[in-house]
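I would like the entire structure built from these sequences, with the hints used as guidance.
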Amino acid sequence: MSSPFATILDVLTRQRGVRASLIVSERDGVIVDASVRFGQDGDRIAALAASMYRKARLSARAARLGAVSFLQLDAERGRICAVGGGGDLVIVVVTDPQANVGLIRMELLKALDTFQETDDGLPSEGAKRQGEESR
Amino acid sequence: MSDDIRRWSDELARDPSSLVFLQLGEALRKQGQLEVALKIALRGLDRHQRNVAAHDLVARIAVDRRDFSRAFVEWELVLKIQPDHVGAMKGLGYLCFHQGRLEEAEQYLNKAAASGGGGDVRHALRMVRRTPASTAVPTVEATASKPAPADDPQYLFADQLLDEGQTALLLDTNGFVLAGVYLDVDGKNVSADIGAQLSGISEEVRRSTRHLDIGEWKAITFETHAAVIAMAPVANDNLMVIAASRATPLGLLRRLLERSSAFALEWLAGGRRGGDTP
Chain U
1 MSSPFATILD VLTRQRGVRA SLIVSERDGV IVDASVRFGQ DGDRIAALAA SMYRKARLSA
61 RAARLGAVSF LQLDAERGRI CAVGGGGDLV IVVVTDPQAN VGLIRMELLK ALDTFQETDD
121 GLPSEGAKRQ GEESR
Chain E
1 MSDDIRRWSD ELARDPSSLV FLQLGEALRK QGQLEVALKI ALRGLDRHQR NVAAHDLVAR
61 IAVDRRDFSR AFVEWELVLK IQPDHVGAMK GLGYLCFHQG RLEEAEQYLN KAAASGGGGD
121 VRHALRMVRR TPASTAVPTV EATASKPAPA DDPQYLFADQ LLDEGQTALL LDTNGFVLAG
181 VYLDVDGKNV SADIGAQLSG ISEEVRRSTR HLDIGEWKAI TFETHAAVIA MAPVANDNLM
241 VIAASRATPL GLLRRLLERS SAFALEWLAG GRRGGDTP
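Residue numbers (my numbering), protein chains in the order written: chain U, 1 to 135; chain E, 1 to 278.
Everything labelled a hint here was simulated from the structure, so no lab data went into it. It should be emphasised that the depicted structure is a prediction, and the values quoted were computed from it without experimental measurement. The beta-carbon is built from N, C-alpha and C at its ideal position, and this holds for glycine as well. The reader is advised that the hints may include incorrect statements.
For each label pair, taking beta carbons as the anchor points, the in silico distance ranges come out as [said to hold, decoys possible]:
| id | chain 1 | residue 1 | chain 2 | residue 2 | range |
| --- | --- | --- | --- | --- | --- |
| 1 | U | Ala67 | E | Ala247 | 16 to 24 Å |
| 2 | U | Thr114 | E | Ala269 | 43 to 51 Å |
| 3 | E | Arg6 | U | Leu103 | 50 to 58 Å |
| 4 | U | Ala67 | E | Asp46 | 31 to 39 Å |
| 5 | U | Gln98 | E | Leu252 | 30 to 38 Å |
| 6 | U | Arg77 | E | Val73 | 21 to 29 Å |
| 7 | E | Leu252 | U | Leu103 | 47 to 55 Å |
| 8 | U | Arg77 | E | Leu252 | 22 to 30 Å |
| 9 | E | Asp10 | U | Arg77 | 54 to 62 Å |
| 10 | E | Ala269 | U | Ala6 | 49 to 57 Å |
| 11 | U | Glu117 | E | Lys39 | 56 to 64 Å |
For the chain U half of the interface with chain E, some residues (derived, Cβ under 7 Å), not all of them [as the list claims (entries may be wrong)]:
| id | residue |
| --- | --- |
| 12 | Phe38 |
| 13 | Gly42 |
| 14 | Leu48 |
| 15 | Arg54 |
| 16 | Lys55 |
| 17 | Ala63 |
| 18 | Gly66 |
| 19 | Gln72 |
| 20 | Ala75 |
| 21 | Arg77 |
| 22 | Gly78 |
| 23 | Met106 |
| 24 | Leu109 |
| 25 | Lys110 |
| 26 | Leu112 |
| 27 | Asp113 |
Structure follows, in structure tokens:
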């Protein structure tokens, strides 16, 4: 059965240098849907991306800088990029170090727009998370 | 102190022409809330333009912000209004000393001593007289009895940043602030809050990137509605964090991050060497 996010992930995975694309729950680091090349550890990517995104969001909140849009981790042999729209779900891609980050950023932001339309029918996790954080 | 600040703020809100802004500005300055302190002091100065205490306050805040030219102007204004103001003479003496203008520093301090300046003025005067004229400014700073703002780790990255909208923070592996400062839009120091939220990120990312076989991590950059933030590991999982306005090109932000990280590395290494020296 095809998930509502399959098209978004397909478009991202077709970009040059993209090794994996995932939809991840920021709250618990669990994969909601993914398109991952053989050899990539989807669970580990999801956990790391969710944790980084959450830390970025909370530190931005402490500094009163508003919501986090795009996040990028650069490592010696790869990059992880993520975008979120204020809800619980985050779109993540893993790329080669030579990949064109500017282009991937644009594609991720475009995917986020599509994703937010797709996500309308799903339960809102953002509200749940905000409730937990205020506790 | 916070009760006093609240009380003075209320009083100033009730009566904007009240002189309580002097106490409020000074209290905020001492707390390190320099931008708010400056705003309060300047607003008060608008209403009390010939008040020497107001000019003196603005000058002291300016020194803390390393805006030495502004401090100079304010203390000169104080002396025009009240030529025997000891605080202004001491301040100008300090600024001249800081800039290596030893003759002028001695003149100001002499005047301050003649106008009733206390033991600290005599001590400063002795030090100025002992300092060779050829002494480089950094050495002068290092030997000054009053710690220069540059000696305060909060100001460590002041010379690395390009404008006031940029800020730098060095955190240790537990998220504790080692150097730098982060003020929010109200001038409140939120460095510790940011440190707490980012604690452990360096180690966690290092472990994960190794496991994912993408090598050591070099930087994390993220964009928010108001700013762009970049961070990088510095020696033993310390974390260098740079924030700048959204208008800052990401390439420039990276350069700032690299420059500040290199500077932080030197500073950390220097500190350890200093610690080993008997």
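We went through each hint and held it up to the structure:
no.	hint	in the structure
1	U:Ala67 to E:Ala247: 16 to 24 Å	holds, 18 Å
2	U:Thr114 to E:Ala269: 43 to 51 Å	holds, 49 Å
3	E:Arg6 to U:Leu103: 50 to 58 Å	holds, 52 Å
4	U:Ala67 to E:Asp46: 31 to 39 Å	holds, 37 Å
5	U:Gln98 to E:Leu252: 30 to 38 Å	violated, 22 Å
6	U:Arg77 to E:Val73: 21 to 29 Å	violated, 54 Å
7	E:Leu252 to U:Leu103: 47 to 55 Å	violated, 20 Å
8	U:Arg77 to E:Leu252: 22 to 30 Å	holds, 25 Å
9	E:Asp10 to U:Arg77: 54 to 62 Å	holds, 58 Å
10	E:Ala269 to U:Ala6: 49 to 57 Å	holds, 51 Å
11	U:Glu117 to E:Lys39: 56 to 64 Å	violated, 44 Å
12	Phe38	violated, 13 Å
13	Gly42	violated, 10 Å
14	Leu48	holds, 4 Å
15	Arg54	violated, 9 Å
16	Lys55	holds, 5 Å
17	Ala63	holds, 6 Å
18	Gly66	holds, 3 Å
19	Gln72	holds, 5 Å
20	Ala75	holds, 4 Å
21	Arg77	holds, 4 Å
22	Gly78	holds, 3 Å
23	Met106	violated, 13 Å
24	Leu109	violated, 10 Å
25	Lys110	violated, 16 Å
26	Leu112	violated, 13 Å
27	Asp113	violated, 16 Å
Going down the numbered hints, you'll see the structure goes against 5, 6, 7, 11, 12, 13, 15, 23, 24, 25, 26 and 27, while the others check out.
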